Amino acid sequence: MSATGKMTAPCLHPSREHMMNTIPPSHVNGVTAAAAPTSQHRTSALSQALTSADNSQSVLTNMTLREKIGQKIMLDFRYWGRDSASGAAQDTVALNANIEHILHTYHIGGVILFANNLKKTDQIRRLTAQLAAVPQTHGIGLMIAIDNEGGNVFRLPRGEYTAFAGNMPLGALDQGHSESVLPYLQGKIMAQELRSLGINVNFAPVVDVNSNQANPVINVRAFSDSPARVDKLARELVKGSAQIVTCYKHFPGHGDTHTDSHMDLPRVDRNREEAYAIDLAPYRAAIAENEAPDMIMTAHIQYPALDDSRITRLDGEDIVVPATLSRRIQHDLLRQELGYRGVTITDALDMKAISANFDPRDVVKRVFNAGIDIALMPVSIQAPEEEEKLRELIDYVATQVEHGEINGEEIDASVARILSLKRAKNILAGQAPSVTIGETEQRLAKEVESAVAEQSITLLQNHQLLPLRDISSKIVIFTPWGEQGHAVRQVLTQKGFHDVNSHKLADIAWQTQQREIDRCDIVIVGSQAVGVSPVENNGQAGGVAAASDTASIDAIIDYAHRQQKKIVLLLMRSPYDIIHFDGKTDAVLATYSYYGLDNGVRRGESLFAAARALVGELQPSGKLPVNIYNVDSQGAATDIRYPRGFGLSC
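Under full-length UniProt numbering, the first residue of the sequence shown is numbered 1, with each subsequent residue one higher.
Calculated from the structure, these hints are not laboratory results. All figures in this text were calculated on a predicted structure; none of them were measured in a lab. There's no promise every hint is true.
Claimed, not checked - Here are the simulated SDA-like cross-link-like pairs (lysine to any residue), alpha carbons at most 20 Å apart as the crow flies:
no., residue 1, residue 2
1, 565, 516
2, 504, 552
3, 474, 410
4, 352, 506
5, 446, 157
6, 623, 640
7, 365, 412
8, 425, 93
9, 425, 196
10, 389, 105
11, 119, 599
12, 119, 101
13, 365, 410
14, 120, 91
15, 239, 285
16, 232, 338
17, 474, 450
18, 584, 619
19, 623, 174
20, 474, 440
21, 239, 258
22, 565, 446
23, 389, 327
24, 232, 159
25, 389, 96
26, 239, 175
27, 232, 512
28, 119, 102
29, 495, 469
30, 474, 446
31, 474, 558
32, 119, 65
33, 425, 342
34, 365, 350
35, 565, 641
36, 389, 65
My request is simple: use the sequences and hints to build the entire structure.
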């Protein structure tokens, strides 16, 4: 690493082909592959088809209706049973006989894993090996899936695996060689690590165009508010991730919502022309140029410009049909008009946008009639007695098919797509080649993670404060989480600043905050003003980590200003937060990611990079990937305050 903060070779070579030459030729796609295990001899027609068919049709013709329905369901087993003493739900970290029975009996097509299931490397590999072993005896291989977008949505153990900074940091890269190389390598590294753990599906990347700066659920999970930039970066990431199943989400577009679909049903009010020019653009371009992802996930949103038909929810009110339940959107638009031929999957059906408004059995019927291939998490099973919910659901769907209420031919076509994808990705018949990641790949992963973090740091304001030079300066840091301040403090102390204190905002009384400000020269305050969505909290609505509120940060900034202190603002999640504090501080840096140093574990690199920018070891080179608007008294966007592409240098 040079003093200017530029990465040295091999990280930023001008071509990714050159960078790939640093991986030994004995490695295949960046991983050392062992020979695929020979399948056990099977006697059933289905089993023979699994191992000998040239296409998925041979498998399909030997399947019963209930086997087909099972393939169209992906379950989670986040919890199983409860602690006898506390009554708390117990994380599922190993396959038990009950879960194996369910997967086998109902011919389930896939399982999604959450952080609750993923504790340590050896445990993860045992769990996925157990899941992969189920179909070796009982049928068709499982999709083993995860939400591993990087950045704030990351299910693997942080510190053990490469979390990266997320999508918006990729969007913030200055245009040039790194803009293409780093997204490709990020996708490649993430796919390698997942494949080494036995995970074969990643629900990423997000291709929502985040045009609404108040969006609570997408926000920094998006690459940009530019459809062209989203398209370019998403395609590079998918190309790098070719070893596993990739997934664009959330169709037809979740970027212009004010509501989190984990909590309620959002609505997009663009007109049809805007929909095609903005939200649909990344899908249209990738499909038209034969670079479509393996899978596309739906959005639990209303989009009346694309389908304004009505549906009755549980309370009897007629509302605009959600996109997840809309045949016009999922079949007529996506498949017939845009020409998508891959697999489609719903977003999780336990999200409040769907589960609070509709009967779960009717939801699955409508999902399948909309033409969607896989229903994700249609029922929750956390104990043996809850198996009945799944049996009743599959019986109901089978009856609907038999009575002509669900088109049986479309079920066949759907399952054929699923089986074709499983065959293409070596999932059919439980094939699971053993892979390992070598030292070369590990070094490259760390270098790429650091490069993305460093090159995305965006300087939005600097009134002759940065870089900090006087190591005798007394500095106090206030952040929403302790780990954030710890990361910044570690860098500053390593660079010779000997009087640096950091505090978690919720742990320190206002009077103590004032005393700390009184004794210091420089105040560094971290903003995380937009609340953390459940998707950033392992998909759970309860226990969402508290974010900083604008009032507490305003109080610190106002008091520090009155005391004539220098103030640095770190925008640790959303760059849009600057509007709340514009003109009140001496310097503002956007990091787009809020993880730091927790008990000695580096859980993210962006705050370390920001701290290095504070002291001049790294020259900020990031450029805003979104327009940031002034807002009126009602919170509505008015004129552009910071244009896309803006970014200062120290």
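Hint check:
Our distance criterion of 20 Å between C-alpha atoms is met by residue 565 and residue 516, whose separation comes to about 11 Å. Restraint check for residue 504 and residue 552: the C-alpha separation of about 12 Å stays at or below 20 Å, so the hint holds. A distance of roughly 68 Å separates the Cα atoms of residue 474 and residue 410; the hinted pair therefore is violated under the 20 Å criterion. Pair hint residue 352 plus residue 506 does not hold up; C-alpha atoms about 29 Å apart against a cutoff of 20 Å.
With a C-alpha separation of about 15 Å, the suggested pair residue 446 and residue 157 falls inside the 20 Å cut-off, and the hint holds. Between residue 623 and residue 640, the direct Cα distance comes to roughly 15 Å. Compliance with the 20 Å bound is thereby established for this hinted pair. Taking the CA atoms of residue 365 and residue 412, the gap is about 15 Å. The hint holds against a cut of 20 Å. A threshold of 20 Å between alpha carbons decides the hint, and for residue 425 with residue 93 the separation of about 25 Å lies outside it, so the pair is violated.
Note on residue 425 and residue 196: the hinted pairing holds, with a Cα-Cα distance of about 14 Å set against a maximum of 20 Å. Distance check on the hinted pair: residue 389 and residue 105 sit about 14 Å apart at the alpha-carbon level, within 20 Å; holds. A distance of roughly 17 Å separates the Cα atoms of residue 119 and residue 599; the hinted pair therefore holds under the 20 Å criterion. With a CA separation close to 24 Å, the supplied pair residue 119 and residue 101 exceeds the 20 Å bound.
Of the pairs offered as hints, the one joining residue 365 and residue 410 holds, with about 12 Å between alpha carbons and a cut-off of 20 Å not exceeded. With a C-alpha separation of about 13 Å, the suggested pairing of residue 120 with residue 91 holds against the 20 Å cut-off. Straight-line distance between C-alpha atoms of residue 239 and residue 285 comes to about 15 Å, which keeps the hinted pair within the 20 Å bound. Proposed proximity of residue 232 and residue 338 is supported: the alpha carbons are some 18 Å apart, at most 20 Å.
Our distance criterion of 20 Å between C-alpha atoms is broken by residue 474 and residue 450, whose separation comes to about 28 Å. Pair hint residue 584 plus residue 619 does not hold up; C-alpha atoms about 23 Å apart against a cutoff of 20 Å. With a CA separation close to 6 Å, the supplied pair residue 623 and residue 174 stays within the 20 Å bound. About 41 Å separates the Cα atoms of residue 474 and residue 440, which puts this hinted pair outside 20 Å; it is violated.
Distance check on the hinted pair: residue 239 and residue 258 sit about 32 Å apart at the alpha-carbon level, beyond 20 Å; violated. Taking the CA atoms of residue 565 and residue 446, the gap is about 37 Å. The hint is violated against a cut of 20 Å. Among the hinted pairs, residue 389 with residue 327 is inconsistent with the structure: their alpha-carbon atoms are about 26 Å apart, more than 20 Å. Between residue 232 and residue 159 the alpha-carbon distance is near 29 Å, which puts this suggested pair outside the 20 Å criterion.
Restraint check for residue 389 and residue 96: satisfied, since their Cα atoms lie roughly 19 Å apart, inside the 20 Å limit. Annotation: proposed proximity of residue 239 to residue 175 holds, straight-line Cα distance about 19 Å (limit 20 Å). Distance restraint check for residue 232 and residue 512: the Cα-Cα separation of roughly 48 Å exceeds the 20 Å cut-off, and the hinted pair is therefore not satisfied. Of the pairs offered as hints, the one joining residue 119 and residue 102 is violated, with about 23 Å between alpha carbons and a cut-off of 20 Å exceeded.
Between residue 495 and residue 469 the CA atoms are separated by roughly 10 Å; this keeps the pair inside 20 Å, and the hint holds. Among the hinted pairs, residue 474 with residue 446 is inconsistent with the structure: their alpha-carbon atoms are about 32 Å apart, more than 20 Å. For the hint linking residue 474 to residue 558, the alpha-carbon distance of about 19 Å falls within 20 Å, and the restraint holds. Among the hinted pairs, residue 119 with residue 65 is inconsistent with the structure: their alpha-carbon atoms are about 37 Å apart, more than 20 Å.
The suggested pairing of residue 425 with residue 342 holds, with an alpha-carbon distance near 13 Å, which does not exceed 20 Å. A hinted pair counts as satisfied when its Cα atoms are at most 20 Å apart, and residue 365 with residue 350 qualifies at roughly 15 Å. Between residue 565 and residue 641 the CA atoms are separated by roughly 26 Å; this puts the pair beyond 20 Å, and the hint is violated. Taken as a hint, the residue 389 and residue 65 pair is honoured in the structure, with Cα atoms around 18 Å apart against an allowance of 20 Å.
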